[in-house]
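Please work from the sequences and hints to get the whole structure.
Those sequence lines, one after another, are chains A and B. Using UniProt numbering, the letters of the first sequence correspond one by one to residues 1 to 332. Using UniProt numbering, the letters of the second sequence correspond one by one to residues 1 to 254.
Don't read these hints as lab results, they were simulated from the structure. There could be a bad hint or two in this list.
Claimed, not checked - In silico lysine-lysine, DSS-like type, Cα no more than 25 Å apart, as pairs:
#1 A:Lys40 - A:Lys318
#2 A:Lys84 - B:Lys240
#3 B:Lys127 - A:Lys84
#4 A:Lys137 - A:Lys27
#5 B:Lys134 - B:Lys240
#6 A:Lys256 - A:Lys137
#7 A:Lys201 - A:Lys137
#8 B:Lys240 - A:Lys137
#9 B:Lys128 - A:Lys318
#10 B:Lys149 - A:Lys84
#11 B:Lys130 - A:Lys84
#12 B:Lys240 - A:Lys201
#13 A:Lys162 - A:Lys137
#14 B:Lys149 - A:Lys318
Every value quoted in this text rests on a predicted model; they were computed, and no experiment measured them.
Single-letter residue listing:
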Amino acid sequence: MYGGGYIFDEPNGKQLREEQQHDDPGKLSAFEERIARGEKIEPGDWMPAEYRRQLIRLIEQHAHSEIIGALPEGTWITRAPGFKRKLALIAKVQDEIGHGQLLYNAAETLGKSREAMINDLLSGKSKYSNVFNYPAKTWADVTVIGFLIDAAAIVNQVANAKGSYGPYCRALERICYEESFHLKQGHDAFIELATGTPEQKAMLQDALNRWWQPIMHFFGPPDKTSQHSEKLMQWKVKMASNDEMRNQFLDSYVPKIWELGLTLPDPLLRKNADTGRWEYTDPNWDEFFRVINGGGPCNAERLQVRKWAEEEGRWVRKALMNPAERRSLPVA
Amino acid sequence: MSSNAALTDLIIKMADDELVLGHRNSEWTGLGPVMEEDIAFSSMAQDKIGHAWALYRILHENLGGEDPDRFAFMRPESAFKCAHLVEMPNGGYDFSLIRHFLFDHAETVRYESLQDSSFEPFQLLSKKVKGELKYHTLHANAFIIQLSKASEEGYARMQTALNDTIALAAGIFEPSAAHEEELIAEKVYPGEKALYHRWLDRIYPVLVKASLNLPDMETITPVYGGRQGFHTTHLAPLLKEMGEVFNLDTEASW
Chain A
1 MYGGGYIFDE PNGKQLREEQ QHDDPGKLSA FEERIARGEK IEPGDWMPAE YRRQLIRLIE
61 QHAHSEIIGA LPEGTWITRA PGFKRKLALI AKVQDEIGHG QLLYNAAETL GKSREAMIND
121 LLSGKSKYSN VFNYPAKTWA DVTVIGFLID AAAIVNQVAN AKGSYGPYCR ALERICYEES
181 FHLKQGHDAF IELATGTPEQ KAMLQDALNR WWQPIMHFFG PPDKTSQHSE KLMQWKVKMA
241 SNDEMRNQFL DSYVPKIWEL GLTLPDPLLR KNADTGRWEY TDPNWDEFFR VINGGGPCNA
301 ERLQVRKWAE EEGRWVRKAL MNPAERRSLP VA
Chain B
1 MSSNAALTDL IIKMADDELV LGHRNSEWTG LGPVMEEDIA FSSMAQDKIG HAWALYRILH
61 ENLGGEDPDR FAFMRPESAF KCAHLVEMPN GGYDFSLIRH FLFDHAETVR YESLQDSSFE
121 PFQLLSKKVK GELKYHTLHA NAFIIQLSKA SEEGYARMQT ALNDTIALAA GIFEPSAAHE
181 EELIAEKVYP GEKALYHRWL DRIYPVLVKA SLNLPDMETI TPVYGGRQGF HTTHLAPLLK
241 EMGEVFNLDT EASW
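Shown next as structure tokens:
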């Protein structure tokens with residue numbers, strides 16, 4: 001599901017930008033011409049150091065978002081109401097882990113190992129989507145995540161799938177295909193509550209009210225303040241601006257929410273008939289940065305759980321990696 | 001044809017084992033030791049829960065049982081017939097893997113025996129489930145052997161987990177005095193004792209390959225009670241958690 005949405009910058013950018021100055025100008029222009037022609041860049045191809053750095057950052061954060069994003073929903077697998085919901089939710093969370101695996105593999109083609117990426121996640125050096133630093137308090141939260149956060153991620157991922165780096169695009173194609181099923185199961189569970197008993201509707205409305213701001217934050221700060229680089233657009237690393245993606249999301253999903261008789265906690269939210277664009281109250285961006293920097297309600301818990309899993313599984317990974325005993329069994 | 005009571009008893013204990021172990025195994029989703037294994041374990045947990053669902057449906061459709069969701073999510077603890085093995089908390093991955101290995105081989109010999117059952121719904125279910133279990137046991141065997149042989153730590157963990165788990169696993173084959181003879185005579189299935197011996201024949205060669213010692217089965221006391229509704233203290237909280245949302249309103253559609 002979970003496209004990183006907004007991609008956070010790393011503090012070590014400066015040092016690598018110096019390397020970029022040493023890129024061979026001839027190779028750089030040939031590279032840029034290839035991208036302009038719509039060609040995909042493959043792992044063995046020449047690429048500018050900054051392109052490699054930005055892609056590792058993007059894909060790695062996306063991968064982290066998948067495995068951290070599995071946690072809030074994962075805790076509801078054992079509580080899902082009924083066989084249908086239970087099986088759908090395990091399958092969905094399993095897919096998210098699978099997406100993490102695909103994405104770590106894609107990032108590894110750029111030269112950073114999975115282990116190094118996980119270490120950077122655990123040390124806090126590398127980020128993941130901010131939206132997963134909020135708690136899933138009730139079953140209704142699971143349906144809001146499954147419907148709306150997945151929907152937001154799809155907007156982001158469909159855009160990124162048209163990017164320039166071959167392995168990332170191919171991983172995203174498969175991911176988007178699976179995400180479209182996730183969206184359906186999320187939407188189905190969401191509708192079930194929206195059309196259910198008064199208590200179920202109230203539970204859903206409460207979840208929607210709590211998740212609205214994190215959802216508005218999902219695509220990142222407004223374009224007027226965001227320092228997204230034109231270079232990244234030209235290189236087709238970043239495919240759409242934060243505001244464009246947010247607008248596309250609102251356009252597709254707000255009507256679906258309103259149709260069900262639910263409200264959104266923003267009195268200014270409306271589509272401007274003249275411009276065709278959505279207008280809304282700016283969410284609290286100080287809160288957004290506070291959460292990114294570790295101050296959200298679940299940042300510490302998410303990393304703690306991930307650290308527990310890494311520690312707990314260390315002996316298994318070590319034993320699996322022991323080459324002297326590596327074996328293969330026939331699959332049939 | 002066997003009596004409904006005997007068939008119902010057999011189906012409930014099989015289904016409850018699968019539901020509760022599926023629940024336990026799904027607790028690893030997102031927390032597995034390595035991503036590829038996380039995915040595999042989640043997939044097998046889904047299969048287990050799917051098998052439970054299929055069995056409750058057989059009960060519902062053929063034997064006048066309740067709706068599967070209500071039956072699974074609303075029954076009191078004492079009405080569950082699962083073995084103590086599946087109730088135990090996950091602990092470390094060593095225990096979870098050994099449990100997976102011991103249980104899935106037991107499940108395999110059981111479903112193999114059902115392919116010739118006089119109860120037709122068992123024959124049909126067996127066909128589907130056997131195909132899945134082939135991969136579950138392949139997975140379990142590969143892991144048991146690899147982890148036992150790759151390092152001293154792995155070996156010690158596997159052997160300790162096996163020693164700690166074997167009596168619980170033998171409890172899967174708790175006899176059912178009230179119904180078993182009838183089910184055997186009616187060729188519904190071959191009975192717990194026969195399955196127990198087939199199970200030992202399956203696990204023994206794998207343990208030998210892994211250089212693990214099977215404890216002397218003559219000296220262990222199988223952990224019985226689950227089939228009669230006597231459970232460990234771990235089951236009640238598990239069931240409470242499982243039904244937490246469903247029981248907010250059992251008449252609502254979720």
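Status of each hint after checking the structure:
1. A:Lys40 - A:Lys318: Answer violated: Lys40 of chain A to Lys318 of chain A is near 36 Å, above 25 Å.
2. A:Lys84 - B:Lys240: holds (19 Å)
3. B:Lys127 - A:Lys84: Within the cut-off at roughly 22 Å; holds.
4. A:Lys137 - A:Lys27: At roughly 52 Å apart (the allowed maximum being 25 Å), Lys27 of chain A and Lys137 of chain A break the hint.
5. B:Lys134 - B:Lys240: violated (32 Å)
6. A:Lys256 - A:Lys137: Distance ~23 Å between Lys256 of chain A and Lys137 of chain A Cα, so the pair holds.
7. A:Lys201 - A:Lys137: Status holds; Cα separation ~15 Å.
8. B:Lys240 - A:Lys137: holds (17 Å)
9. B:Lys128 - A:Lys318: violated (35 Å)
10. B:Lys149 - A:Lys84: With a Cα-Cα distance of about 40 Å, the restraint between Lys149 of chain B and Lys84 of chain A is violated, given a limit of 25 Å.
11. B:Lys130 - A:Lys84: holds (22 Å)
12. B:Lys240 - A:Lys201: holds (23 Å)
13. A:Lys162 - A:Lys137: violated (35 Å)
14. B:Lys149 - A:Lys318: holds (12 Å)
Going down the numbered hints, you'll see the structure goes against 1, 4, 5, 9, 10 and 13, while the others check out.
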